[in-house]
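Visitor: Based on the provided sequences and hints, a complete structural model is requested.
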Amino acid sequence: MTQPAVDEATFKALEQTTGAEFVKELVGTFLAEAPGMIASLRAARDAHDIERFRRTAHSLKSNANTFGATLLAARARALELGAADAVHAPDTHAITELQHAFEHAAARLTELTNA
Amino acid sequence: MPDSAARPARLLVVDDNKVNRLLLTRSLDLQGHRAAAVENGRLALEALRRERYDLLLLDIEMPEMDGFAVLEELASDPDLRDLPVIVTSSLEGVENVVRCIELGAEDYLPKPVNPVLLKARLTASLEKKRLRDELKELVRRFATPEVAQELEASGFSLGGKRVEATVMFSDIRGFTPLVESQPPEETIDLLNSYYTLMFDAITSHDGIVNQMIGDGLMAIFGAPVAMADHAGAAVRAAREMIELVEMFNAEREAEGKPTIAIGIGIATGEVVAGYAGTSERATYTCIGDTVNLAARLEAHTKAAQRSILMDAATRAELDAGVAAEPLGPVLFKGKSVEVEVYAVK
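If you read the sequences in order, they're chains A and B. If you read the first sequence in the numbering used here, its first letter stands for residue 1, the second for the next number, and so on. If you read the second sequence in the numbering used here, its first letter stands for residue 1001, the second for the next number, and so on.
If you're looking for bench data, these hints aren't it; they were derived computationally from the structure. Don't take every hint at face value.
[What the hints assert, rightly or not] With a cut-off of at most 20 Å between alpha-carbon atoms, the simulated EDC-like pairs for lysine to aspartate or glutamate come out as follows: (1) 1345/B to 1243/B; (2) 1302/B to 1325/B; (3) 1119/B to 15/A; (4) 1345/B to 1319/B; (5) 1018/B to 25/A; (6) 1129/B to 1051/B; (7) 1136/B to 1106/B; (8) 1018/B to 15/A; (9) 1302/B to 1171/B; (10) 1129/B to 1102/B; (11) 1345/B to 1171/B; (12) 1302/B to 1243/B; (13) 1018/B to 33/A; (14) 1018/B to 21/A; (15) 1119/B to 1107/B; (16) 1129/B to 1082/B; (17) 1345/B to 1229/B; (18) 24/A to 1029/B.
Guide: What follows is the structure, given as C-alpha cells:
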C-alpha cells in the first residue's frame, strides 16, 4: 500500500485549530520556501557544510510534519540524522527522492487547500 | 475565535523557519496574546533588551545564534534571567531536552506544537511568572531596593556576615508629649512626612533604613552593598536630615503646628549584617557593639544638647575639613570603657 503524500487527519486538525484560510496562506508560504531549502540542501552538500545541511534538513522535516507530509518528513529526517554521511559520501539519490516527496506533498497540499 | 479567558501576554517567538514563525504567532494570537517574531537568537536578545516581554518561545536550531546560546545569555543577564522560556523544537534526543532545562528553560514542546499543550504550558508559565512578579513587587515595597536586589541576586538565607559599616539611629525628641497633645491622625501625618524626608536624606547618600519603630529609625551605610566612604556618607546624610527637619518645621510653624527636633547617633565599626528571624518571617538587620553604640549616642544627644553625635571611629574616617567638636569621654550604660564622643558641627 502506497504511503499518502499528506496525512489528511493531521492537515484537517491544523485547519480546525488555526483556520482554513490561514492554513491556505501557510501552505503558500511553505511551497514558496521549500524549493529554496532543497537548493540550500544541495549547496550545503556540495560545500561539505554538515551543519547547514543538517539544519536545513531539520527545518524541512519540521515543516513537513506540520502539514502531515509524512513521506517528505521521513526523507528529511533521514538526511538530518545522516548529515555527516550525506555530506562526505553524498548519495545523490537521497535529495532527488526528497525532491520527489516534496513535489507529491505540494500537489496534495494544493488540492486540499483548494478543496 | 480569540480566547478571551486567557490573560493577554506579550510574547516573543524566535524561529528561523518562516512557516513555524507564522504558525506559532497565529496560535498565540488565537489565544488572545500579542506575539512578535524574530528569526534568530541574536535578534531575539536585541528585542528582549529593547522591549518588555512576558515569555519567550524559543527554537533551538537557528543560524547565527542558536537556542542554547540564547538560554546561556539569558541566564547571565540579571534583567532577563527570570524571563520564562518555552523551547519549541523538533530536535531529537532526550539529551537536548535535558540541556534546555538545565540551561533554564521552563518547558520543552516538541514540534509540530500541539495547540492544546501550548495553551496549557503557556498558562502555567505565565501564572508562575505573575506570582514571581507579585513576590518581587512585595519585596520591593517592604524592603529597600538594595535588600531587594541582594535577595534577588543571592537568595534568602538566615544568618549574617561580618562587615565594616556605619550605623545611624535617629528619633524625634519629646515625641510622647507631642503624640498626647494632638489627634492620632495628625501624628500619622507627621510621621509620614517625617519618614519621607528622612528616607530621602538617607537613601540619597546610599544608606538603607532597615528599621522604623514609632518615631525612631535605624539606618545602615556599607551593607548589604559595600561602600568605601560609609562614615562620611552617614554624616552627610545626618546633616541633610537636620536641614530637612528645619525646613519641615518652618512649614509647620506657618500652619500653627508644633515643631519637632531630632537626635542622631552615628557609630562605625564591624557589624554582623544579614537576615534575622525565622525562615517564614525575617528582616535584614545589623547587630554588634557598633549598633549598640549608635543607639547610645542617639540617646545621649538630649543630654549633650547636640543634634548629631558620633564615635571616634566615625570621626577618624572623616575628611579633615569636616568640623567636629570633641565632647570628651562618656561611659555609656552597658559599656565597660568610656567612649570618646564628638558632635558634628
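Visitor: Evaluate each hint against the coordinates.
Guide: Now the hints, each set against the structure:
1. 1345/B to 1243/B: 12 Å, holds
2. 1302/B to 1325/B: 16 Å, holds
3. 1119/B to 15/A: Given pair residue 1119/B, residue 15/A holds - Cα atoms ~17 Å apart, limit 20 Å.
4. 1345/B to 1319/B: Between residue 1345/B and residue 1319/B the Cα gap is close to 13 Å, so the pair holds against 20 Å.
5. 1018/B to 25/A: 12 Å, holds
6. 1129/B to 1051/B: Answer holds: residue 1129/B to residue 1051/B is near 17 Å, not above 20 Å.
7. 1136/B to 1106/B: Distance ~19 Å between residue 1136/B and residue 1106/B Cα, so the pair holds.
8. 1018/B to 15/A: Distance ~18 Å between residue 1018/B and residue 15/A Cα, so the pair holds.
9. 1302/B to 1171/B: 11 Å, holds
10. 1129/B to 1102/B: 18 Å, holds
11. 1345/B to 1171/B: 19 Å, holds
12. 1302/B to 1243/B: At roughly 18 Å apart (the allowed maximum being 20 Å), residue 1243/B and residue 1302/B satisfy the hint.
13. 1018/B to 33/A: 8 Å, holds
14. 1018/B to 21/A: 17 Å, holds
15. 1119/B to 1107/B: Distance of about 12 Å is within 20 Å: holds.
16. 1129/B to 1082/B: Distance ~8 Å between residue 1129/B and residue 1082/B Cα, so the pair holds.
17. 1345/B to 1229/B: 19 Å, holds
18. 24/A to 1029/B: Holds: residue 24/A and residue 1029/B sit about 17 Å apart, inside 20 Å.
Of the hints listed earlier, there is not a single one the structure fails to meet.
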